[in-house]
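Undergrad: As a plain string of letters, each chain reads:
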Amino acid sequence: MTVDSPARVRVAKAVRTRRRHNPVTWVQRGGLTTLLFLLPLLIIFGVFSWTPIVEAVIMSFQKTNLVTAPVFVGWDNFVAVFEDPVFWIAVRNTGFFALLALLFGYPIPLVAAVLMSEVKRMKGFYSVLAYLPVVIPPVVSVLLWKIFYDASPNGVFNTILGWVGIPPQPWIQDAVTAMPSLVLEATWAGAGGTIIIYLAALTSVSPDLYDAAEVDGASIWGKIWHVTLPQLRGILFITLILQIIATAQVFLQPFLFTGGGPVNSTTTILLLIYQYAFTQSLGGAYGQATALSLMLAAFLAILSIVYFRLTARWSDN
Amino acid sequence: MKSPGKLAVLAAAALAGVGILSGCSSSSGGGDDGKVNLVVAPVLPGATADALKALHDRVQQFEKKYPNINVKAIEYQWTGTTFAAELAGGTLPDVFNVPFTDSKTLANNGQLADITKYFKQTATAGKWNKNVLDVATGKDGKVYGIPWGPYAMALSYNRDIFTKAGLDPDKPPTTLDEIEQDAKIISQKVPGVAGYMQMTKDNTGGWELATLTQSLGGKLEKVGSDGKVTVTADNPQTKQALAWLKKLRWDDNAMGSNFLFDWSGINQAFASGQVAMYMSGSDVIGSLMQANGFDQKKYGVTTFPLSSSPNAGILSGGNVDVVNVKDSPEQIAAAVKWIDFYRTQPTVDKTAAVNNAKTLAKGDQAVNAPTLPVFDKATWEQNQEWIKPYDNIPVENLKPFNDNIFNQKISPEPPSHTQDLYGALDAVVQAVLTNQNADVDAMLKGVDTKVQALVDADSK
Chain A
13 MTVDSPARVR VAKAVRTRRR HNPVTWVQRG GLTTLLFLLP LLIIFGVFSW
63 TPIVEAVIMS FQKTNLVTAP VFVGWDNFVA VFEDPVFWIA VRNTGFFALL
113 ALLFGYPIPL VAAVLMSEVK RMKGFYSVLA YLPVVIPPVV SVLLWKIFYD
163 ASPNGVFNTI LGWVGIPPQP WIQDAVTAMP SLVLEATWAG AGGTIIIYLA
213 ALTSVSPDLY DAAEVDGASI WGKIWHVTLP QLRGILFITL ILQIIATAQV
263 FLQPFLFTGG GPVNSTTTIL LLIYQYAFTQ SLGGAYGQAT ALSLMLAAFL
313 AILSIVYFRL TARWSDN
Chain B
2 MKSPGKLAVL AAAALAGVGI LSGCSSSSGG GDDGKVNLVV APVLPGATAD
52 ALKALHDRVQ QFEKKYPNIN VKAIEYQWTG TTFAAELAGG TLPDVFNVPF
102 TDSKTLANNG QLADITKYFK QTATAGKWNK NVLDVATGKD GKVYGIPWGP
152 YAMALSYNRD IFTKAGLDPD KPPTTLDEIE QDAKIISQKV PGVAGYMQMT
202 KDNTGGWELA TLTQSLGGKL EKVGSDGKVT VTADNPQTKQ ALAWLKKLRW
252 DDNAMGSNFL FDWSGINQAF ASGQVAMYMS GSDVIGSLMQ ANGFDQKKYG
302 VTTFPLSSSP NAGILSGGNV DVVNVKDSPE QIAAAVKWID FYRTQPTVDK
352 TAAVNNAKTL AKGDQAVNAP TLPVFDKATW EQNQEWIKPY DNIPVENLKP
402 FNDNIFNQKI SPEPPSHTQD LYGALDAVVQ AVLTNQNADV DAMLKGVDTK
452 VQALVDADSK
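As you go down the protein sequences, you meet chains A and B in turn. According to our numbering, the first sequence is numbered sequentially starting from 13. According to our numbering, the second sequence is numbered sequentially starting from 2.
Okay, chain A solo, but in the shape it has when bound (with noise of 0.2 Å):
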């Protein structure tokens, strides 16, 4: 009998690591097929996703115009940024929409699924009218409400609240109802999308689970509460984060219907970016656009891995 010394166990493993990715066994054992298929999706990213990507970084510290060479600046593209009074006003602003969005915008569209979800007669009738606005092109959307806020006397909107005696709103022509009446509109225009994904995932709660709260004499509201929502909870942790990330991106809404007025009161930070690199200096501060966008990107991504840490217990993985 033999026993092996450590000394040749360990050259026995390295024979066999160096044999795994010893070039030659990777091409007979196709490799150079997976990286033909892999190729085109390498391409597509590196020069739509990761070149652009890699040039914003580079250019949150230049000074750019596109056409003149760009002269490396350090922080100060940072600090500008820090130091523009439209920074925080837009940072304020994009919190009041996520916040607004989230009182609106969440709980709407699963209020709306358990109600269809519960509805016997007639639900493809209900999800598609759910669904229409998602359908409709966002610009469309946007330009079609835009009528809707007339505030005028004559507008839609006004002309509906007269009926009930209600004198004529400003909507988007003042201050304070500009920001609400775009978060009207933007749920108005998503929430389509996220009933669906509720009732997607409504269909997946068990019957059984209904039947023996029934049995225990739960109500309505209890069989939402203690087997609807505990069952959707990683749905609902995933469309929350989504719907964060993506009212902090908000963009069309401001930029179609008010430019960021009246006084600055809907600028929010992509439109802010929008407005460094575009309207500001004639595309003289790409740096501070891309800056911005850095920033809005790091803040993003450390709030989703926070939010994936808190929530991690509590979700079904």
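Simulated from the structure, these hints should not be mistaken for laboratory data. Just to be clear, a hint being listed does not mean it is correct.
[Said to hold, decoys possible] These stretches of chain A come out as covered by chain B in the derived footprint (C-beta under 8 Å, 3 or more residues):
1. 157–168
2. 269–276
[As the list claims (entries may be wrong)] Calculated pairs, EDC-like style, for lysine to aspartate or glutamate (alpha carbon to alpha carbon, straight line, at most 20 Å):
3. B/K247 - B/D227
4. B/K248 - A/D186
5. B/K410 - B/D377
6. B/K54 - B/D365
7. B/K73 - B/E331
8. B/K451 - A/D96
9. B/K400 - B/E179
10. B/K229 - B/D252
11. B/K359 - B/D51
12. A/K75 - B/E76
13. B/K247 - A/D186
14. B/K451 - A/D88
15. B/K121 - B/D377
16. B/K223 - B/D449
17. B/K400 - B/E331
18. B/K229 - B/D459
19. B/K247 - B/E179
20. B/K400 - B/D171
21. B/K446 - A/D96
22. B/K128 - B/D350
23. B/K73 - B/D135
24. B/K410 - B/E382
25. A/K75 - B/D350
26. B/K446 - A/E95
27. A/K158 - B/D263
28. A/K75 - B/D459
29. A/K235 - A/E130
30. B/K128 - B/E382
31. B/K240 - B/D252
32. B/K451 - A/E95
The beta-carbon is built from N, C-alpha and C at its ideal position, and this holds for glycine as well.
Please build the complex by placing chain B on the supplied structure of chain A, with the hints as guidance.
TA: For chain B alone, kept in the frame of chain A given last:
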């Protein structure tokens, strides 16, 4: 192990993918037939069929004169927001026009082609008024564009609405108080119509506030004898202008219900009869006819009133036709020929002027939109005589402007970080129109601080 055939197919597919991706490059501008290709952009997006027909005729006339140049005319509106990206992306036309406000900044940024050599070869090179050509001249003394259609800020009004409100359209207001009174009457007698409105969005709010300030004798920026620029938005005349707007908005309720207008937005509102009077360039009827199909018979224009202050002047502006900085020398030479043919010759050459006027009139485009002299007043008057038979905007509608404009002192725009200044002032104008208790003093001080920092950063 896969067969060599299959590998070859996969490799070919991958290469084809790379080929598709690399196929996004732009052409060099030189045709296979030795001709120079030129993309010009002289009409606004959404131009009427008549406007496009008129342009097509002009292109044909040019190609007949210069058979070695192929011209492709496109609808295009230059905006600061898309310019830099279009330039970097290679989708910018070869010839496009930028406002006076931006031409110097772009030239000094190295974002426009140097056309000095070819400009000097044009017949009118020595005739230019130095003050006018200055807007297209960089700090290096080189020429980066050819100015055209200078205008003064003016008060445009809808004659039909004036009549409906019981006002005489031949006697438009001549003071700020009269504008306010007429606006109040219109909004009371013609419901749903804003008596008077101004632009407020995308830097136009600041532009129009600058006009008001200068018409009252104030300045938003002062240039010291050492050339140092001081931002002075917090001045009595700007506050007076904002107080006037506040009165119109809150005391008279004469400004309608939309307070977020940009240039094209207010044109649309005016053309659709939602706004009775508004401040814009004196030549705006050209755009109203070209892009909004506005009936020129309803159009009236008068000079914007100036105060009695000796410093009061009317803010002027205009356009500069410029050339893509990425163009080849052949394209730049061809571009200057096009600009000279399309813009300059119709102002100095009788045949060109008459041909241009005939084509515009045939296409129902503005022939006699009020502008200011590009060379000198005598040349301008001569030009007006040549095109008189083809005038298609009723001359009496333009009379209040044409009779008074040469009595007004012309006042240039604030010289430094103009768009940044205008952008910062947008919020102040919006505040006054949407918040009765807006703290104007604090906001103007904030504008001074913000823009002064940008000005000071230039000298570091």
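Undergrad: Each hint needs a verdict: does it hold in this structure or not?
TA: Each hint tested on the structure:
{"no.": "1", "hint": "157–168", "in the structure": "holds (count 5)"}
{"no.": "2", "hint": "269–276", "in the structure": "holds (count 6)"}
{"no.": "3", "hint": "B/K247 - B/D227", "in the structure": "violated (37 Å)"}
{"no.": "4", "hint": "B/K248 - A/D186", "in the structure": "holds (18 Å)"}
{"no.": "5", "hint": "B/K410 - B/D377", "in the structure": "holds (15 Å)"}
{"no.": "6", "hint": "B/K54 - B/D365", "in the structure": "holds (10 Å)"}
{"no.": "7", "hint": "B/K73 - B/E331", "in the structure": "holds (16 Å)"}
{"no.": "8", "hint": "B/K451 - A/D96", "in the structure": "holds (8 Å)"}
{"no.": "9", "hint": "B/K400 - B/E179", "in the structure": "holds (18 Å)"}
{"no.": "10", "hint": "B/K229 - B/D252", "in the structure": "violated (40 Å)"}
{"no.": "11", "hint": "B/K359 - B/D51", "in the structure": "holds (13 Å)"}
{"no.": "12", "hint": "A/K75 - B/E76", "in the structure": "violated (32 Å)"}
{"no.": "13", "hint": "B/K247 - A/D186", "in the structure": "holds (15 Å)"}
{"no.": "14", "hint": "B/K451 - A/D88", "in the structure": "holds (16 Å)"}
{"no.": "15", "hint": "B/K121 - B/D377", "in the structure": "holds (19 Å)"}
{"no.": "16", "hint": "B/K223 - B/D449", "in the structure": "holds (12 Å)"}
{"no.": "17", "hint": "B/K400 - B/E331", "in the structure": "violated (44 Å)"}
{"no.": "18", "hint": "B/K229 - B/D459", "in the structure": "holds (11 Å)"}
{"no.": "19", "hint": "B/K247 - B/E179", "in the structure": "holds (15 Å)"}
{"no.": "20", "hint": "B/K400 - B/D171", "in the structure": "holds (9 Å)"}
{"no.": "21", "hint": "B/K446 - A/D96", "in the structure": "holds (15 Å)"}
{"no.": "22", "hint": "B/K128 - B/D350", "in the structure": "holds (13 Å)"}
{"no.": "23", "hint": "B/K73 - B/D135", "in the structure": "violated (29 Å)"}
{"no.": "24", "hint": "B/K410 - B/E382", "in the structure": "holds (18 Å)"}
{"no.": "25", "hint": "A/K75 - B/D350", "in the structure": "violated (46 Å)"}
{"no.": "26", "hint": "B/K446 - A/E95", "in the structure": "holds (16 Å)"}
{"no.": "27", "hint": "A/K158 - B/D263", "in the structure": "holds (15 Å)"}
{"no.": "28", "hint": "A/K75 - B/D459", "in the structure": "holds (13 Å)"}
{"no.": "29", "hint": "A/K235 - A/E130", "in the structure": "holds (12 Å)"}
{"no.": "30", "hint": "B/K128 - B/E382", "in the structure": "holds (16 Å)"}
{"no.": "31", "hint": "B/K240 - B/D252", "in the structure": "holds (17 Å)"}
{"no.": "32", "hint": "B/K451 - A/E95", "in the structure": "holds (10 Å)"}
Checked against the numbered hints given earlier, this structure breaks hints 3, 10, 12, 17, 23 and 25; the rest are met.
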